[in-house]
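Chains as they are written, first to last, in numbering that gives the first Met the number 0: chain X, 0 to 229; chain F, 0 to 351; chain S, 0 to 287.
Think of the hints as simulated: they come from the structure by calculation, not from any bench. Take the hints with a grain of salt, since some may be wrong.
[Stated by the list, open to error] Ranges of calculated distance between the beta carbons of each label pair, as one might list FRET restraints:
hint : chain 1 : residue 1 : chain 2 : residue 2 : range
1    : S       : L272      : F       : A307      : 50 to 60 Å
2    : F       : N99       : S       : Q54       : 54 to 64 Å
3    : X       : G24       : F       : S126      : 13 to 23 Å
4    : F       : Y297      : S       : I137      : 41 to 51 Å
5    : S       : G127      : F       : W150      : 37 to 47 Å
6    : F       : D206      : X       : P54       : 28 to 38 Å
7    : X       : P25       : F       : R124      : 53 to 63 Å
8    : F       : F293      : S       : G127      : 51 to 61 Å
9    : X       : P54       : F       : L29       : 45 to 55 Å
10   : S       : T112      : F       : L304      : 19 to 29 Å
11   : X       : L159      : F       : Y297      : 35 to 45 Å
12   : F       : C214      : X       : G36       : 36 to 46 Å
13   : S       : A3        : F       : T219      : 35 to 45 Å
[Stated by the list, open to error] Think about it this way: if two alpha-carbon atoms lie no more than 20 Å apart in a straight line, the pair counts; the simulated DMTMM-like pairs of lysine to aspartate or glutamate are:
hint : chain 1 : residue 1 : chain 2 : residue 2
14   : X       : K125      : X       : E156
15   : S       : K186      : S       : D174
16   : X       : K125      : S       : E111
17   : X       : K175      : X       : E111
18   : X       : K175      : X       : D67
19   : X       : K205      : X       : E156
20   : S       : K186      : X       : D74
21   : S       : K186      : X       : D67
Each residue gets a CB set at the ideal place from its N, CA and C atoms; glycine is no exception.
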Amino acid sequence: MLRTEGLRACYGLFQALFDVNIRVGPSEMVALIGSNGAGKSTLFRSIVGSVRVSPQSVWLDDVAVGGDSERRQLDRGVVLVPEGRRLFPSLSVLENLQLAARNGRRGQWTIERLFDELSVLRPLGKRPATSLSGGQQQLVAIGRALVANPSYLLCDEVSLGLSPLAVTDVYGLLRKASAGGTGIVLVEQTVNRALSESDRFYCLQKGRVMLEGESAAADRAKVAEAYFGV
Amino acid sequence: MSEPAVLSVQRNDDGGARPWRFAGGLPIALVLVVVVLALLPWYADFATERLLVEVFTLFAIAFAWNLLAGYGGMVAIGQYAFVGIGSYSLFAISDAFHLNPWLVLPIATLCTATAALIFAGPMFRLSGAYFAVGTWVLAEMTRIAALNTGWLGAGAGMPLEMIGEFDRWSRNAYVYWAALVVGVGSFAIGAVVLRSRLGLALMSVRDSEAAALACGVPATRARLSLWVIAAAITGTAGAVSYMSTLQVTPDASFSLNWTASAIFIVVLGGIGTIEGPVIGTAVYFALRETFADFGAWYFIGLGSLAVATMIVAPGGAWSLLARYANIDPFGIRRRMPDDASGNHRRSDDCPA
Amino acid sequence: MAIACETLIDGLLLGALYALFGLGLSISLGVMRMINIAHGDFIVVGAYLTSLTMQLAGVQPLASLIVVVPAMFILGWLLQRLLLNRVVGGSMFAPLLVTFGLSVIIQNLLQETFTADTRSLQAGDIAGRGFEVGSISIGILPLLSASVAVLLFALTHLLVARTHFGRQSRAVADDPATARLIGVDDKNFFAVVTGFVFAVIAIASVLYAMRTPFSPSAGPERLLYSFEAVVLGGLGSLWGTLVGGLVIGVAQLFGARISSGLGPFFGHLIFLLLLLARPNGFFNRQAR
Numbered sequence: 000m001l002r003t004e005g006l007r008a009c010y011g012l013f014q015a016l017f018d019v020n021i022r023v024g025p026s027e028m029v030a031l032i033g034s035n036g037a038g039k040s041t042l043f044r045s046i047v048g049s050v051r052v053s054p055q056s057v058w059l060d061d062v063a064v065g066g067d068s069e070r071r072q073l074d075r076g077v078v079l080v081p082e083g084r085r086l087f088p089s090l091s092v093l094e095n096l097q098l099a100a101r102n103g104r105r106g107q108w109t110i111e112r113l114f115d116e117l118s119v120l121r122p123l124g125k126r127p128a129t130s131l132s133g134g135q136q137q138l139v140a141i142g143r144a145l146v147a148n149p150s151y152l153l154c155d156e157v158s159l160g161l162s163p164l165a166v167t168d169v170y171g172l173l174r175k176a177s178a179g180g181t182g183i184v185l186v187e188q189t190v191n192r193a194l195s196e197s198d199r200f201y202c203l204q205k206g207r208v209m210l211e212g213e214s215a216a217a218d219r220a221k222v223a224e225a226y227f228g229v
Numbered sequence: 000m001s002e003p004a005v006l007s008v009q010r011n012d013d014g015g016a017r018p019w020r021f022a023g024g025l026p027i028a029l030v031l032v033v034v035v036l037a038l039l040p041w042y043a044d045f046a047t048e049r050l051l052v053e054v055f056t057l058f059a060i061a062f063a064w065n066l067l068a069g070y071g072g073m074v075a076i077g078q079y080a081f082v083g084i085g086s087y088s089l090f091a092i093s094d095a096f097h098l099n100p101w102l103v104l105p106i107a108t109l110c111t112a113t114a115a116l117i118f119a120g121p122m123f124r125l126s127g128a129y130f131a132v133g134t135w136v137l138a139e140m141t142r143i144a145a146l147n148t149g150w151l152g153a154g155a156g157m158p159l160e161m162i163g164e165f166d167r168w169s170r171n172a173y174v175y176w177a178a179l180v181v182g183v184g185s186f187a188i189g190a191v192v193l194r195s196r197l198g199l200a201l202m203s204v205r206d207s208e209a210a211a212l213a214c215g216v217p218a219t220r221a222r223l224s225l226w227v228i229a230a231a232i233t234g235t236a237g238a239v240s241y242m243s244t245l246q247v248t249p250d251a252s253f254s255l256n257w258t259a260s261a262i263f264i265v266v267l268g269g270i271g272t273i274e275g276p277v278i279g280t281a282v283y284f285a286l287r288e289t290f291a292d293f294g295a296w297y298f299i300g301l302g303s304l305a306v307a308t309m310i311v312a313p314g315g316a317w318s319l320l321a322r323y324a325n326i327d328p329f330g331i332r333r334r335m336p337d338d339a340s341g342n343h344r345r346s347d348d349c350p351a
Numbered sequence: 000m001a002i003a004c005e006t007l008i009d010g011l012l013l014g015a016l017y018a019l020f021g022l023g024l025s026i027s028l029g030v031m032r033m034i035n036i037a038h039g040d041f042i043v044v045g046a047y048l049t050s051l052t053m054q055l056a057g058v059q060p061l062a063s064l065i066v067v068v069p070a071m072f073i074l075g076w077l078l079q080r081l082l083l084n085r086v087v088g089g090s091m092f093a094p095l096l097v098t099f100g101l102s103v104i105i106q107n108l109l110q111e112t113f114t115a116d117t118r119s120l121q122a123g124d125i126a127g128r129g130f131e132v133g134s135i136s137i138g139i140l141p142l143l144s145a146s147v148a149v150l151l152f153a154l155t156h157l158l159v160a161r162t163h164f165g166r167q168s169r170a171v172a173d174d175p176a177t178a179r180l181i182g183v184d185d186k187n188f189f190a191v192v193t194g195f196v197f198a199v200i201a202i203a204s205v206l207y208a209m210r211t212p213f214s215p216s217a218g219p220e221r222l223l224y225s226f227e228a229v230v231l232g233g234l235g236s237l238w239g240t241l242v243g244g245l246v247i248g249v250a251q252l253f254g255a256r257i258s259s260g261l262g263p264f265f266g267h268l269i270f271l272l273l274l275l276a277r278p279n280g281f282f283n284r285q286a287r
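Bound-form chain X, shown alone (with noise of 0.2 Å):
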């Protein structure tokens, strides 16, 4: 179980998180609803290491690991696909995984598994990572969290920008991830399908959790309220 208790996050002066309690488990699919400036960025990079918080705020498995660096955090199998997909654009697709590979977890996604769920990917491989259209480049950057094998898998704006097949494409990897096992927090603009993609929902609004629920019981409504704050 991945969870946060209490998690404060600032910039400097500023104050992002507000007493954020989340939590994942083990194969759950786990949505993160709110608009811009919400806070969802600052809660996944909290929870990596790439913003200080806390040794306390942050909890995986029963042990205390708030703060502690991004390169620890991929060592104990919390893996962030930051926003924006942030591939090397000197590193062709296949070096952006060999990357990932070398420095994450073994397991059971290889980048050879990769490939052959991903079958498009595989003529792709020597080809500058960003020159590959957008979805393609998302599915390069979940693939390179996927092969450091994490136990859970924070995904930023999976969606965004992306074609409706793309998107298919995006969200069967994820299913496939969680079906081996990994516990997934996503980030997904359109509500709708946030919430039928997940296990249960958070939403956030200026830096507190406004709602949270199973997501196949969840009020449109409510989550519309929470969601704008109207």
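Since the structure of chain X is provided, determine the placement of chains F and S on it from the hints.
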């Protein structure tokens, strides 16, 4: 409609209190100090005068360096070129036309300013560390040029012939007063500039060039103005300094040591503050008078102090003082932006 | 004509050495976005280390590489780990000013330890030997230096293109924040990079010391030549640095032909003129 939440700001970084500023007392105090200093030739000996000439001119050069780096974002390692250009123009023109050196001083300032304008052509294509080393390349070129120019005396340099016209007391006094004017004047110019539109423009560009440009701030013109002003100050200070030594040589006037001293003063005192160079100069000379006999070890100590300051207290002595005492005498406080790379790396822990 | 050819060849051979000076700078600029102002001073440190090794062990300069290269690697590793890691990635000032202070410290330490006198290495049999091609004479030592330089460039290229270390370097150069996300451990990685840079400096310094007398204050000039090579070549381009170095070397020697004291001056002049013509260098691949 719920209340729009605003930025939740935890605290004012001054602790909420307005900083203490000199009120009406400041101008009077300053005038008094300047008057006392101006009367110095009548109550001090030549050695003291000479030392103070060094203090004022080096202060001016350091102050100019601080303007460029702390307010303009331009680290100019090659600033020493202007020391050489200022002093050589003074000597060359005074010797060639047999003119009173003090009358030539403004011309030397003009020459340096012109050189700065010309240098800006290639230099302003560079930025950051590249600008820093680029100015160094340029400065080396000027040094080598002076070294190899026969009518400037080549390696042996030139004397200041016309100064022989004056008796010793007058010569020392006039040089001292020129240095006093340069020292006080550079500070005054700096204060005026920084509180002017130019200063505002510079600080906005330093904080965020993209935002400043979007607001219509003429960034390049602002930097160019600052560059020329700083060069003029440096050239004038250099010229006065060499009036005191009576001989200008390429290796001494086009020496990196000028910039090194300026950097130490500014770093120790507090970069990007108007008070920093004042403290820095005091500390620098205190250290020098005490430890210069140690030769190379003195420089090693100075370098180590600068390195340690940059790492432990990047704002220098003044920042420590200002933080604890919460003072801002001249109303021009600014802080160095922390992270130019835009990465929110390790943010501060949230205030408890 | 023969003189012009000879000057050209000598210039290219000298330029290759300058390129080697620049190689280390190019790497640390690319990966850590940092100019080490003391870069040239560390080249001089390597030269003194070589001299010391030769004295103590009684070996030829090239043999002293066995000691000097690892020693410099460790020095670079420690420097980055203990000092420079504290200033990387923040404002532009701190690395500049810290390494400037370092430069002063090193020059004065060298002066204290070895006096301000210039020193030269006994390069042994190699120095002064040459061979004739037509009416042009080529020195063995310059040819050796140039060959080693090109070899090192090729090796570095392979390192960057084919190894995990190289992939990490390129990733960090592209996007340091994301590189951290996929497990690049800044502190250790940068230390290894600087160690590598210093190993390159070590080789450059031995070759340099074998052909030129050096003194504690020789550092800044080496830095300027390195800088010119890197900037002319274009940032982010390894082979560009080689080209940049060659240009500077040729410019300097032709300048020295015109007037013997003005070699470096012409190098600087050509640098500035070319900079005006192509502000981003010949093969620029990275935003400054």
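Evaluation of the provided hints:
About 40 Å separates the C-beta atoms of L272 of chain S and A307 of chain F, a value inconsistent with the hinted range of 50 to 60 Å. Remark: the range hint 54 to 64 Å for N99 of chain F to Q54 of chain S is upheld by a beta-carbon distance near 58 Å. Taking 13 to 23 Å as the suggested C-beta distance range, the pair G24 of chain X and S126 of chain F does not conform, at roughly 50 Å. Judged by the Cβ atoms, the range 41 to 51 Å given for Y297 of chain F and I137 of chain S holds: they are separated by roughly 47 Å.
As the Cβ distance of G127 of chain S to W150 of chain F is approximately 39 Å, the hint placing it in 37 to 47 Å holds. Between D206 of chain F and P54 of chain X the Cβ separation comes to about 34 Å, which falls inside the hinted range of 28 to 38 Å. The hinted range of 53 to 63 Å is satisfied by P25 of chain X and R124 of chain F, whose Cβ atoms lie roughly 56 Å apart. In this structure the hint that F293 of chain F and G127 of chain S lie 51 to 61 Å apart at CB is violated, the actual value being about 42 Å.
For the pair P54 of chain X and L29 of chain F, the beta carbons lie near 52 Å from each other, so the given range of 45 to 55 Å is met. For T112 of chain S and L304 of chain F, the hinted distance range of 19 to 29 Å is satisfied, since their beta carbons lie about 21 Å from each other. Evaluation of the 35 to 45 Å hint for L159 of chain X and Y297 of chain F yields a failure: the beta carbon distance comes to about 60 Å. For the hinted restraint 36 to 46 Å between C214 of chain F and G36 of chain X, the CB-CB distance of approximately 23 Å leaves it violated.
Separation of A3 of chain S from T219 of chain F is about 42 Å and conforms to the stated range, judged on CB atoms against 35 to 45 Å. About 26 Å separates the Cα atoms of K125 of chain X and E156 of chain X, which puts this hinted pair outside 20 Å; it is violated. Annotation: proposed proximity of K186 of chain S to D174 of chain S holds, straight-line Cα distance about 16 Å (limit 20 Å). Our distance criterion of 20 Å between C-alpha atoms is broken by K125 of chain X and E111 of chain S, whose separation comes to about 54 Å.
With a C-alpha separation of about 15 Å, the suggested pair K175 of chain X and E111 of chain X falls inside the 20 Å cut-off, and the hint holds. With a C-alpha separation of about 29 Å, the suggested pair K175 of chain X and D67 of chain X falls outside the 20 Å cut-off, and the hint is violated. Between K205 of chain X and E156 of chain X, the direct Cα distance comes to roughly 17 Å. Compliance with the 20 Å bound is thereby established for this hinted pair. With a C-alpha separation of about 16 Å, the suggested pairing of K186 of chain S with D74 of chain X holds against the 20 Å cut-off.
Taken as a hint, the K186 of chain S and D67 of chain X pair is honoured in the structure, with Cα atoms around 14 Å apart against an allowance of 20 Å.
The earlier numbered hints that this structure contradicts are 1, 3, 8, 11, 12, 14, 16 and 18.
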